[in-house]
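Chemist: With the hints as constraints, model all of the structure from the sequences given.
Residue numbers (our numbering), protein chains in the order written: chain A, 1 to 362; chain B, 363 to 637; chain C, 638 to 730.
Heads up, a few of these hints could be off.
[What the hints assert, rightly or not] Within a straight-line C-alpha distance of at most 25 Å, the following computed DMTMM-like cross-link-like pairs (lysine to aspartate or glutamate) qualify: (1) Lys70(A) x Asp717(C); (2) Lys232(A) x Glu402(B); (3) Lys70(A) x Glu664(C); (4) Lys22(A) x Glu402(B); (5) Lys152(A) x Glu126(A); (6) Lys304(A) x Glu258(A); (7) Lys648(C) x Asp493(B); (8) Lys20(A) x Glu419(B).
What the hints contain is simulated information worked out from the structure, not anything from laboratory work.
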Amino acid sequence: MNQTASTPNDREVENALYQKRKKIYPREVHGLFAPRCVLGVFVLLGLYYVIPWVSYEGHQAVLFDLPARKFHIFGLVFWPQDFFYLAMLLVIAALSLFFFTALAGRLWCGYACPQTVWTEAFLWMERKIEGDRPRQMKLDKAPMSLRKFRIKATKHAVWLAFAGWTGFTFVGFFTPIRELGVSLANLSLGPWETFWIIFYSFATYGNAGWLREQVCIYMCPYARFQSAMFDKDTLIISYDEARGEPRGSRKRSDDRAEKGLGDCIDCTLCVQVCPTGIDIRNGLQYQCIGCAACIDACNDVMDKMDYPRGLIRYTTQNRLEGKPVHVLRPRTLVYGLILLALLGGLVYAIATRVPVDLNIHP
Amino acid sequence: MGDFTFSSDFWSWWVIVLTVGNILGCWWLIVWTMKKRAGEAAAGDVTHHTWDENLQEYNNPLPRWWLWLYYSTLVFAVIYLVLYPGLGKFRGVLGWTGEVRYEKEMEQAEARYGPIFAQYAEQEIPALAADDEAVRTGRRLFLNYCATCHGSDARGFPGFPNLTDDAWLYGGDPASIKATILDGRQGVMPAWQDSLGEQGVKEVAEYVLQINGREVDTELAHEAEGSAALPADVRGLPWRRRHGQPRPGRPQPDRCCLAVWRLAGHHPREYRQGP
Amino acid sequence: MGLVENIYTLKLINMDERTHAYRLSVEGLEQAELVFDRDALEVPAGAVAELLVQVRIDPVHLDRPSSEIFFILEAQDNPDIRIRQSGRFLGPS
Chain A
1 MNQTASTPND REVENALYQK RKKIYPREVH GLFAPRCVLG VFVLLGLYYV
51 IPWVSYEGHQ AVLFDLPARK FHIFGLVFWP QDFFYLAMLL VIAALSLFFF
101 TALAGRLWCG YACPQTVWTE AFLWMERKIE GDRPRQMKLD KAPMSLRKFR
151 IKATKHAVWL AFAGWTGFTF VGFFTPIREL GVSLANLSLG PWETFWIIFY
201 SFATYGNAGW LREQVCIYMC PYARFQSAMF DKDTLIISYD EARGEPRGSR
251 KRSDDRAEKG LGDCIDCTLC VQVCPTGIDI RNGLQYQCIG CAACIDACND
301 VMDKMDYPRG LIRYTTQNRL EGKPVHVLRP RTLVYGLILL ALLGGLVYAI
351 ATRVPVDLNI HP
Chain B
363 MGDFTFSSDF WSWWVIVLTV GNILGCWWLI VWTMKKRAGE AAAGDVTHHT
413 WDENLQEYNN PLPRWWLWLY YSTLVFAVIY LVLYPGLGKF RGVLGWTGEV
463 RYEKEMEQAE ARYGPIFAQY AEQEIPALAA DDEAVRTGRR LFLNYCATCH
513 GSDARGFPGF PNLTDDAWLY GGDPASIKAT ILDGRQGVMP AWQDSLGEQG
563 VKEVAEYVLQ INGREVDTEL AHEAEGSAAL PADVRGLPWR RRHGQPRPGR
613 PQPDRCCLAV WRLAGHHPRE YRQGP
Chain C
638 MGLVENIYTL KLINMDERTH AYRLSVEGLE QAELVFDRDA LEVPAGAVAE
688 LLVQVRIDPV HLDRPSSEIF FILEAQDNPD IRIRQSGRFL GPS
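Modeler: Shown next as structure tokens:
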């Protein structure tokens, strides 16, 4: 069930169709999965920002030269005649999405999706400037003051600078980035370069700074067709209801069996750390991006309570119901085999590519 | 909209009314759906309808920023229709039309290519022939306009002369060639069927082949040479004299080079194909 | 004299990063003769070369109005760079 929080006030009753967005302040989390998330952010962002600067045999290693209709990827040059490889690559991307989703659910969303990755970076900047979750909430509730203005202005300036660098890097994949840098320094950018740099900067700033989870919840189709790609053997993040319920707070020294309580102490930390603002205890929801923050938060609490970890954990629906789990099943096997075949085919085709073409007219 | 009459501007008004009506209708729809209705499920609850025995839907609210998106599309529509044509005959404040756009593109093309062509126009043709860039341009133009008939190698095709040899029907100097291209040429071969009859035509054909050094039925060819079917003033004279002196438009019948035979000869042994 | 001739415009694209000299030949029709004006086909890296060629054959060797022929292009300095494209040769019908 979606959390609607407080009772709708009069204004909201009138505009019952629409609801003002409640800002989500994801609490910072540490644990087993959080560092993997951070590693993912560093590796992916690192690749993105560094690759355009890499040179290969005197020219930019990765350059999508649109005017000359040539895509350079290190030693390979792709011409428009090689478009077939791009089509194959897209098919492989789609198939690997189906394969990995069938296997392990929203892996992409939680660890690799650009929206998540950039939002994590922006959240980190926000945390450094505005403070942790309670301080952020307090600042937002406070009336405008010089201090608040200064803090907010700093945050947005940092965000904009980072977004600007992102937009600049993006265009640097299409125009040699060093020349682009020189043009930027001399303020002699061409009109289209200027437009696209501003466009992608604005898109980054808007998506990672403002929209954040709204993209995942309302704009991304992946969330909506996940139910078609999951089955009962798909790895999902789930709350062990049987173990956790009935929930309730208690002292650490209490015997929960005596008190008739499950392991969940209703600390709501799992809700506080969630970047999409859901309560995982309600079950699998489309908004869950599988980032495992709730797992880390709950494990932390379990440790403090001296309970075993894993009240919220990666598991499958079958395993939760006590049924046997099949990792190798028709769905995964078929996807996997086709994926392997296509990948092999693509690698072979590119490796045996002949760098000459002959067209005969008539 | 100066002269407005109902009948001639009917369709213009039709469009205007429907377009404006649509925009207003969208506006009304957005506002009307915003209000809560009696009997509607509370926000966050399931609605009262069940599909397929157990499929139910939550009545979750939409994000309010969608509402601003809807409004901004309406604002965009209004601004667009004020600036650009869309409301019937109203041309829009910016006066954009396809014709104006086309004219602008032509101006740009003229500014870009005009000087180049002007420069070429001033030069003598032999000088142009020495200019690599001009020759390349000429080649592209040739492939576009001339190659379908004269062949992409310019060696001709039945009915269309070979432009690479030195048999010039209308003159091979630059000025003549230019005139040929500018004004075109009409070649007219008279029909001899009525005056010569079928036998006479066969005889003349064999004769022409013979004077080209080809294998012929010598009896037929000899007949043509002295044939009574021919007009008195040429009887007994080599028939070729009629086509004798090189005159514009009259191919030399004794040119035996394959390339000159545009109309596949009496015995089509040669075959040319290809654009 | 009396040969059947088809003209082809061939576009050759050197997609490699180096200049190559190529060799062109034709196969699929025995006795077919390939005629083109250049003997050396040198194409710089990334360039497109246009080539006008004629293929001639005595019609006595043609058994049908339309035959399939193949053009083979091979780089002289690297036999791995080789391509074989099919075309059609039209004779008298």
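Chemist: Take the hints in turn and mark each one as holding or not.
Modeler: Here is how each hint holds up against the structure:
Proximity of Lys70(A) to Asp717(C) is assessed by CA-CA distance (about 22 Å); at most 25 Å being required, the pair is judged to hold. Restraint check for Lys232(A) and Glu402(B): the C-alpha separation of about 34 Å exceeds 25 Å, so the hint is violated. Distance check on the hinted pair: Lys70(A) and Glu664(C) sit about 32 Å apart at the alpha-carbon level, beyond 25 Å; violated. Only pairs whose Cα atoms come within 25 Å are accepted, and Lys22(A) paired with Glu402(B) is accepted, the gap being roughly 23 Å.
Note on Lys152(A) and Glu126(A): the hinted pairing holds, with a Cα-Cα distance of about 9 Å set against a maximum of 25 Å. Distance check on the hinted pair: Lys304(A) and Glu258(A) sit about 20 Å apart at the alpha-carbon level, within 25 Å; holds. With a CA separation close to 24 Å, the supplied pair Lys648(C) and Asp493(B) stays within the 25 Å bound. Proposed proximity of Lys20(A) and Glu419(B) is supported: the alpha carbons are some 21 Å apart, at most 25 Å.
Going down the numbered hints, you'll see the structure goes against 2, 3, while the others check out.
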